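Q: Chain by chain, the residues:
Number of protein chains: 2
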Amino acid sequence: MIGRLNHVAIAVPDLKAAAAQYENSLGAKVGPPQDEPDHGVTVVFIELPNTKIELLYPLGEDSPIKGFLEKNPSGGIHHMCFEVDDILAARDKLKSEGARVLGNGEPKIGAHGKPVLFLHPKDFNGCLIELEQV
Amino acid sequence: MIGRLNHVAIAVPDLKAAAAQYENSLGAKVGPPQDEPDHGVTVVFIELPNTKIELLYPLGEDSPIKGFLEKNPSGGIHHMCFEVDDILAARDKLKSEGARVLGNGEPKIGAHGKPVLFLHPKDFNGCLIELEQV
Numbered sequence: 001m002i003g004r005l006n007h008v009a010i011a012v013p014d015l016k017a018a019a020a021q022y023e024n025s026l027g028a029k030v031g032p033p034q035d036e037p038d039h040g041v042t043v044v045f046i047e048l049p050n051t052k053i054e055l056l057y058p059l060g061e062d063s064p065i066k067g068f069l070e071k072n073p074s075g076g077i078h079h080m081c082f083e084v085d086d087i088l089a090a091r092d093k094l095k096s097e098g099a100r101v102l103g104n105g106e107p108k109i110g111a112h113g114k115p116v117l118f119l120h121p122k123d124f125n126g127c128l129i130e131l132e133q134v
Numbered sequence: 001m002i003g004r005l006n007h008v009a010i011a012v013p014d015l016k017a018a019a020a021q022y023e024n025s026l027g028a029k030v031g032p033p034q035d036e037p038d039h040g041v042t043v044v045f046i047e048l049p050n051t052k053i054e055l056l057y058p059l060g061e062d063s064p065i066k067g068f069l070e071k072n073p074s075g076g077i078h079h080m081c082f083e084v085d086d087i088l089a090a091r092d093k094l095k096s097e098g099a100r101v102l103g104n105g106e107p108k109i110g111a112h113g114k115p116v117l118f119l120h121p122k123d124f125n126g127c128l129i130e131l132e133q134v
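Which chain is which? The protein sequence lines are L and R, in order. Counting from 1, one number per residue, gives the positions in the first sequence under this note's numbering. Counting from 1, one number per residue, gives the positions in the second sequence under this note's numbering.
Simulated from the structure, these hints should not be mistaken for lab results. Please read these numbers as outputs of a predicted model, since none were measured by experiment. Mixed in with the good hints there might be a few duds.
Claimed, not checked - Computed cross-link-like contacts, EDC-like style, restricted to lysine to aspartate or glutamate with a CA-CA straight-line distance of at most 20 Å:
1. R/LYS16 with L/GLU47
2. L/LYS114 with L/GLU36
3. R/LYS71 with L/ASP123
4. L/LYS93 with R/GLU23
5. L/LYS71 with R/GLU70
6. L/LYS52 with R/GLU70
7. R/LYS29 with L/GLU47
8. R/LYS52 with L/GLU47
9. L/LYS122 with L/ASP86
10. L/LYS71 with L/GLU97
11. R/LYS114 with R/GLU83
As the list claims (entries may be wrong) - Simulated coverage check for chain R against chain L, where a stretch passes if three residues somewhere in it have a Cβ under 8 Å from a Cβ of chain L:
12. 15-26
13. 32-43
14. 56-65
15. 76-82
16. 103-113
Don't be surprised by glycine CBs; every beta carbon is placed ideally from N, CA and C.
Next comes chain L alone, as it looks inside the complex (with noise of 0.2 Å):
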């Protein structure tokens, strides 16, 4: 069922700072930062070769990543997105075995413009599981 990893994003206290540190001491190829109002966070997205990275930063009061950043004040990876297919068979098949969909369970339109869901940590081994259809 799960393809590609789309991504791993990490939460970071401090954008401009993460976004240097990627592009200067660690050479990665680091795009601007993006602000994603209806995700309530400003991105910046690092391509590596086979995956990319998105550095989160919290934007607006009720953003997702403002719990997280408190919690962990250095910042630290906040989820994993893989690619899926059909983002409503995976949703019910997983629903069927037990596993939780974060919200209401419908998926929204993510960061890319594409149908995503997130599962609950709990139910995969303390993991923040995005899935985005592709």
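Dock chain R against chain L, hints included.
A: Here is chain R on its own, set in the frame of chain L:
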């Protein structure tokens, strides 16, 4: 400097259950458990089309992931591994910029038989980063 994302490593409290979940619920290609006594872990490799997930479970009393699982009993994303061409050049550049390398600072032979180093999470947005020379 950094190349491909070689793998994302997930520490899990129940290796058999986690491997079965990735194989059956998530439909991924999951290998057999492999004991790595030199690294204090039993590993299950999950092959995705573009990278790997490594499930880690403690092996022996001095396992480096024992403390992580005590703090995160459900498990969690433990580290991510970036490939580099020249691990000593990468280390020396990062050290000269103030980043800390874990252990004695010398590469060890990692679970894939290649030289690896770990970078201090506090210097990299709370993320434990492994560098592997390929």
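Q: Next step is simple, just say for each hint if it's right about the structure.
A: The hints, checked one at a time:
no.	hint	verdict
1	R/LYS16 with L/GLU47	33 Å, violated
2	L/LYS114 with L/GLU36	14 Å, holds
3	R/LYS71 with L/ASP123	17 Å, holds
4	L/LYS93 with R/GLU23	13 Å, holds
5	L/LYS71 with R/GLU70	17 Å, holds
6	L/LYS52 with R/GLU70	30 Å, violated
7	R/LYS29 with L/GLU47	25 Å, violated
8	R/LYS52 with L/GLU47	17 Å, holds
9	L/LYS122 with L/ASP86	23 Å, violated
10	L/LYS71 with L/GLU97	31 Å, violated
11	R/LYS114 with R/GLU83	10 Å, holds
12	15-26	holds (count 4)
13	32-43	violated (count 0)
14	56-65	violated (count 0)
15	76-82	holds (count 4)
16	103-113	violated (count 0)
Comparing the model with each numbered hint stated earlier shows that hints 1, 6, 7, 9, 10, 13, 14 and 16 do not hold.
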